[in-house]
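Participant: Single-letter residue listing:
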Amino acid sequence: MTRNYLDNSRAALKESMDYHLRCSLCRETPSKDYRDHFLATAFSLRDRMTEKILQTERRYQEAGAKRVYYLSMEFLIGRLLGDSLYNLGLFDLCRDVLSEAGIDIDEVREQENDAGLGNGGLGRLAACFLDSMATLDIPGFGYGIHYEYGLFKQEVDNGYQKEKPDNWLAEFSPWEIKRPDEKCIVPIYGRIEHFQDRAGEYNPMWLDWKVIMGIPFDIPVVGYGGKTVNWLRLYGAGSSTDFDIQIFNEGDYFRAVEQKVSSETITKMLYPRDTLKSGKELRLVQEYFLVACSLRDIVRRYLKDHGDFDRFSDSVAIQMNDTHPSLAVAELMRLLVDEYALPWDSAWEITQRTMAYTNHTILSEALEKWPVSLLERVIPRHLQIIYEINSRFLATVASLHPSDIDLIRRMSLIEEGENKQVRMAHLAMVGSHSINGVSALHTEILMKNNFSDFHALWPERFVSITNGITQRRWLLKSNPQLAGLISEKIGDSWITDLAQLKRLESCADDPDFQDRFRGIKRANKEALSRIISRTAWVSVNPDSLFDVHVKRIHEYKRQLLKIMHIIYEYLQIVRGEKTPTVAKTYIFGGKAAPGYWVAKQIIKLIHNVGQVINSDKRLQDIMKVVFLPDYRVSLAEKIIPAADLSEQISMAGTEASGTGNMKFMLNGALTVGTLDGANVEMLQESGEDNIFIFGLKAGEIEEMQRANTYRPTEYYRSYPEIRIVVDTFRDNVFCPSEPGLFQWIYSRFMHEEDTYFHLPDLLEYIRIQEKIEEEYRDTASWTKKAIFNVTRSGKFSSDRAISEYAGLIWKVEAVK
Amino acid sequence: MQLHQNKMGDVLIVRPLERRIDAATATEFKEKMSEWIGAGNRRIVLNLSEVDFIDSSGLGAIVSSLKKIGNDGDLVICSVRETVMSLFRLTRMNRVFDILSSEEEAIGALSRRL
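Protein sequences, first through last, are from chains A and B.
According to my numbering, the stretch in the first sequence is residues 6 to 821, in order.
According to my numbering, the stretch in the second sequence is residues 177 to 290, in order.
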């Protein structure tokens with residue numbers, strides 16, 4: 006290739022794509038195969054990004070920059086081709102080069118598998134944060150796990166979810182750079198030998214451990230403009246030749262291969278989120294594996310430039326994305342105290358000054374606890390360290406509150422009882438200098454309820470940073486027509502400064518602008534209608550109101566509340582008690598954890614309700630209910646730009662922030678939601694005329710729970726609207742051929758079971774849906790509100806969130 | 177497993193002539209060390225200059241030898257390569273054993289403890 010083949014010129018791009026077609030893929034040019042073109046394009050971009058990784062690293066080195074390491078069990082990165090093209094500024098050029106070869110870039114983009122290395126919001130947040138850090142020129146890097154199988158692929162058979170393995174690497178990922186030269190060893194299992202050191206002091210020795218090898222795979226993360234390229238390092242588990250050769254030498258070939266397979270199993274699969282309660286050993290091993298590999302790598306990088314640990318916390322910030330990586334506290338202590346022989350107090354100061362913890366949930370069942378007996382077996386030395394941290398911590402608490410035994414019991418890292426458990430969130434909080442919630446309401450609840458004792462002890466450690474999303478993926482890439490219209494009006498500075506969208510407000514009343522805005526929405530709805538027709542086998546009307554509820558299926562997110570409203574509306578229409586004025590398409594999507602029976606039943610219910618409604622001739626095109634299978638990032642990018650109404654109806658006090666809500670807002674959907682998570686701030690930003698808020702508030706629910714005053718049967722008896730809906734579950738209205746199928750829903754209410762307060766919110770939800778219908782009929786007014794949602798979404802950029810993390814927690818600066 | 181041994185005064189110097197002490201060789205290493213200790217060798221230098229890898233069974237065998245010597249003897253280690261040293265640090269064995277850079281220093285250290 007020519008010397009300038011990495012240039013951003015048409016000739017250079019074409020040359021490198023042709024080169025990879027011939028030399029990397031062994032294909033004759035010109036090729037007409039989309040997959041070939043996808044790989045050749047990806048390789049050409051990767052060449053450019055790897056070169057820029059080196060340039061970026063030199064810049065960081067010269068600046069002596071402090072670095073941020075973001076530890077997360079999930080990075081839901083989805084597809085990377087489109088993002089990389091946009092961020093490198095090569096999209097148009099690449100489209101033209103492909104077009105000259107008779108290749109449609111959209112077809113090429115469809116060849117890429119989604120990297121589904123996450124369950125939902127938490128993993129997607131991590132991916133958005135990486136994009137923002139690179140765009141803001143912040144030396145920020147991700148550490149995660151190289152799962153061979155991402156979150157399962159969802160298929161639906163007769164309304165029942167079937168899980169299929171998601172082998173996203175089946176045809177390998179062109180983005181990854183495998184780095185076996187930087188592999189690390191991870192000791193695990195074994196026992197503690199209690200010994201004395203040469204000075205006669207107690208010296209525990211960790212012996213008889215086994216070893217897993219951590220093999221890094223780096224994925225470049227390019228910021229917008231292409232100047233800064235950071236990386237995401239994913240560790241895959243492997244066996245070590247060193248450690249297995251002995252078995253081969255013993256002549257036991259099969260046992261040696263088994264050992265190899267057993268090591269590799271560790272990173273085989275991402276656990277679906279709602280299966281984590283059962284305390285699976287493999288999940289603990291995964292969490293330990295992540296932190297052990299990451300911290301060894303972080304320390305190795307630091308020591309390349311430093312002779313001691315004096316400047317560690319000035320040079321390194323580590324953010325734990327939720328409780329899963331909280332073993333990082335114990336692992337960093339182990340490294341410093343055991344392997345680098347620092348005194349405990351110095352090591353502890355460094356650890357606390359380096360680590361920071363983001364909490365993502367207030368659901369107590371999701372705050373991890375691991376049995377002491379399991380930790381003792383899997384990582385015995387870490388358990389010792391956790392005990393030591395706890396002993397010192399509780400001594401501090403006792404010195405402040407000497408007579409409050411109950412407080413000490415509550416704050417302890419160890420939950421006493423028949424089966425002692427380690428409270429991982431407590432470990433994370435004690436070992437961090439910062440603890441943050443992910444929305445104002447969530448942080449308030451953490452400080453007031455879940456972590457009130459810790460807040461009382463260390464109020465200065467608590468901070469709220471509302472989540473955000475990257476507008477590069479969620480508008481520029483996923484809704485290019487709207488992005489184009491915005492740039493035409495106000496320029497493209499919004500791409501890196503989302504608050505600029507405010508400048509668009511003067512256009513909100515402009516009929517011409519409104520027409521174009523509506524036209525784009527209509528085109529997006531048409532595109533989605535085609536996907537619906539192809540994947541859900543339902544024909545929908547693009548002129549209907551697209552009412553969308555897509556997210557993980559969970560009771561607290563209340564897909565059931567949405568379905569109950571649809572049932573109510575359906576019954577009203579067929580009974581002649583309502584004349585519909587707006588055609589509606591109700592769109593659902595989301596995966597249920599494989600072992601979560603209720604969530605899977607909800608999917609079945611959505612299908613059955615859809616089947617009845619969609620085939621009811623009396624409704625014609627007035628109402629449709631569809632469930633789009635296999636909800637994932639690339640599908641979200643098609644659904645969100647087409648939505649008119651965004652359903653964010655979790656029970657108040659349960660959703661930490663939500664980020665789907667922000668994506669819809671940015672794309673001009675109006676939100677109907679409870680005062681939960683970031684909805685509260687969306688209300689503040691958009692203004693109450695541009696969002697539909699309903700339902701009980703978190704405090705009201707808390708009070709009802711505390712006083713135990715909520716009785717579902719009272720609502721059932723008192724309100725006919727509720728009764729007619731609930732009775733359909735008893736009367737098999739939506740399961741005539743499988744009687745009794747949804748009886749469980751009826752029975753729950755009759756047995757006063759409604760953990761997520763569906764019935765108290767249903768009436769108000771029905772009323773607000775009627776208001777929405779009325780408002781939707783006023784096209785100009787609705788469009789204006791939709792535009793305001795776009796223009797007022799600036800706060801919800803992940804750039805703003807990352808700037809806050811950088812300033813408030815990490816104390817890092819951009820390296821321009 | 178090949179173990180070279182020679183005596184300097186009452187100090188027994190043991191030098192494994194293998195690159196690895198692992199599950200395949202640890203038992204034999206432990207047995208030979210035990211035999212020599214049982215024969216009255218109470219001051220031992222373990223020269224690891226040839227060894228570039230010790231797994232946890234090998235580390236366990238060295239700890240066993242130290243225990244076998246008990247309080248009336250000593251086992252010092254010398255000429256440890258960095259790969260092996262990192263495993264000593266991981267287990268905290270480096271705090272239990274005297275680890276010296278050469279055989280001469282190791283012998284000298286034992287002599288000073290007379």
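It should be emphasised that the hints constitute simulated quantities derived from the structure, not laboratory data.
Ideal placement from N, C-alpha and C gives every residue a C-beta, glycine not left out.
A portion of the hints provided could be inaccurate.
Unchecked claim - With a straight-line cut-off of 25 Å between C-alpha atoms, the simulated SDA-like cross-links for lysine to any residue are:
| id | chain 1 | residue 1 | chain 2 | residue 2 |
| --- | --- | --- | --- | --- |
| 1 | A | K183 | B | T259 |
| 2 | B | K243 | A | Y207 |
| 3 | B | K244 | B | L179 |
| 4 | B | K244 | B | S210 |
What the hints assert, rightly or not - Covered by chain B, according to a simulated footprint, are these stretches of chain A (three or more residues, beta-carbon under 8 Å):
| id | region |
| --- | --- |
| 5 | 513 to 519 |
| 6 | 748 to 757 |
Participant: Mind checking, does the region 513 to 519 of chain A have 3 or more residues with a CB under 8 Å from chain B?
Facilitator: With 0 residues in contact (Cβ-Cβ under 8 Å with chain B), the coverage given for the region 513 to 519 of chain A is violated.
Participant: Does A:Y207 lie within 25 Å of B:K243 when you go C-alpha to C-alpha?
Facilitator: holds (15 Å)
Participant: Starting from A:K183, check that the Cα of B:T259 is at most 25 Å away, please.
Facilitator: Roughly 23 Å separates the two Cα atoms, so the pair holds.
Participant: Measure nothing beyond the straight line between the CA atoms of B:K244 and B:L179; if it is 25 Å or shorter, mark the hint as holding.
Facilitator: Answer holds: B:K244 to B:L179 is near 18 Å, not above 25 Å.
Participant: Under a C-beta cut-off of less than 8 Å, do 3 or more residues of the region 748 to 757 of chain A approach chain B closely enough to confirm the stated coverage?
Facilitator: n = 0 at 8 Å, threshold three: violated.
Participant: Is it true that the CA of B:K244 sits at most 25 Å from the CA of B:S210?
Facilitator: holds (7 Å)
Consistency note: the structure conflicts with the earlier hints numbered 5, 6.
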